[in-house]
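Protein chains: 6
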Amino acid sequence: MDNWLPTLTTATPTEGFELAIKLSRMAIKSTQPDAAVRDRLRPDYAEDADSLIAVSQVVATNFATIAAANDHWRGSR
Amino acid sequence: MDNWLPTLTTATPTEGFELAIKLSRMAIKSTQPDAAVRDRLRPDYAEDADSLIAVSQVVATNFATIAAANDHWRGSR
Amino acid sequence: MDNWLPTLTTATPTEGFELAIKLSRMAIKSTQPDAAVRDRLRPDYAEDADSLIAVSQVVATNFATIAAANDHWRGSR
Amino acid sequence: MDNWLPTLTTATPTEGFELAIKLSRMAIKSTQPDAAVRDRLRPDYAEDADSLIAVSQVVATNFATIAAANDHWRGSR
Amino acid sequence: MDNWLPTLTTATPTEGFELAIKLSRMAIKSTQPDAAVRDRLRPDYAEDADSLIAVSQVVATNFATIAAANDHWRGSR
Amino acid sequence: MDNWLPTLTTATPTEGFELAIKLSRMAIKSTQPDAAVRDRLRPDYAEDADSLIAVSQVVATNFATIAAANDHWRGSR
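Protein chains in written order, with numbering that gives the first Met the number 0: chain A, 0 to 76; chain B, 0 to 76; chain C, 0 to 76; chain D, 0 to 76; chain E, 0 to 76; chain F, 0 to 76.
Derived by calculation from the structure, the hints in this document are not laboratory data. Glycine included, each C-beta is placed from N, C-alpha and C at the ideal position. Check each hint, because a few of them may be wrong.
Partial pick of chain E residues on the chain F-facing surface, computed with a CB cut under 7 angstroms [what the hints assert, rightly or not]:
1) Phe16
2) Ile20
3) Ala34
4) Ala35
5) Val36
6) Ala45
7) Ile52
8) Val58
Non-contacting residues of chain C with respect to chain B, defined by C-beta distances greater than 12 angstroms in every case (computed) [claimed, not checked]:
9) Thr8
10) Thr11
11) Glu17
12) Arg24
13) Gly74
Just chain A, same shape as in the assembly (with noise of 0.2 angstroms):
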């Protein structure tokens, strides 16, 4: 896998809460790599309200840890 991940910094948090989206869509990726199943799953959870509040939930946890790494990006505002 190539370095898709350099780093946790971002520049401000709407960057940083991409970033989360973005992990939480590589998990899935490494657990399913075929792109052709996720696109056939798609419709099961972007339609299904329990599991939007699931990927939600994915994406709090990994935003947490990038909050963190941005030391909450203190000086923003």
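With chain A held as given, fit chains B, C, D, E and F onto it using these hints.
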């Protein structure tokens, strides 16, 4: 995406809690960008006890991050 | 919304635990503002073992945040 | 409610783990105060693998908090 | 209960991971003390993908605590 | 069990993420040591959206631990 999250700093814990709710919703919006679909799903979770508890879990996770970013608002009381 | 959460500081761990429960409920209230609906849902979770465990998980997550905010009440014993 | 949680400090990790279990139960008790209902629900989770795993998750979350409060009992061994 | 958890300190991350698994099991044992029932439930989770993932989540949570207690074994490599 | 986890230190966040995936799998392996059973279960989660999200949650939890162990690779960028 615009810079919707310029900072994690809030004036009070109450505002921090509001921001935690916003983060939870933005992760869902990112996975399901179609507002019509999200509106259609709303009764699935807003009238389901387990879904509401799951939402509450996501908010709790995001609130932990925001509280840390604000040094737990230790100066407030 | 009024400033219902002016501080995370509490005098004792017991009061901190009570606050953790309150945070868990406020997130649900925010998602389902209709008190009548929330009352109708109550038996769905208050008489269901898995729902009660899930509530307990949310409280545990919020209690971690409040305990950190109070430096774990290290002066109390 | 009486001051049932005067401190998070315990003498040993073993006692801290016991306290984590107590916290998990107190959150359930707070949501379902009726002891008769809780007793009736007991077989629903005590004889269900997924429920037991979920209880274990709550205990793990509370144990993290208590361990932090005790500086992970670094002096013990 | 005997003092089964005298310390969170382990010599290596590998041993810390083993301890995380032990903590996960002890919480279940505390909720369901009857070994015969636990044995009967074993196939319910050991042959179910979602249950195994849930166990893995509990272990991850406990491992975070143990890793923190050992300062992440920073001296080891 | 051999010393399969000698350190939590990795050179890059990418390698840390790989290690988080490994930890997630090792917990499952510990609960279900039979490789034939694990292989048989694979389609149950690799082709199920909710299971994949749950795996992603476990990886996120383990990644938080590994990121902390590496001081969030703050020197990298």
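Against the structure, the hints come out as follows:
no. : hint  : result
1   : Phe16 : holds (6 angstroms)
2   : Ile20 : holds (5 angstroms)
3   : Ala34 : violated (17 angstroms)
4   : Ala35 : violated (19 angstroms)
5   : Val36 : violated (17 angstroms)
6   : Ala45 : holds (5 angstroms)
7   : Ile52 : holds (5 angstroms)
8   : Val58 : holds (4 angstroms)
9   : Thr8  : violated (6 angstroms)
10  : Thr11 : holds (15 angstroms)
11  : Glu17 : holds (15 angstroms)
12  : Arg24 : violated (8 angstroms)
13  : Gly74 : holds (15 angstroms)
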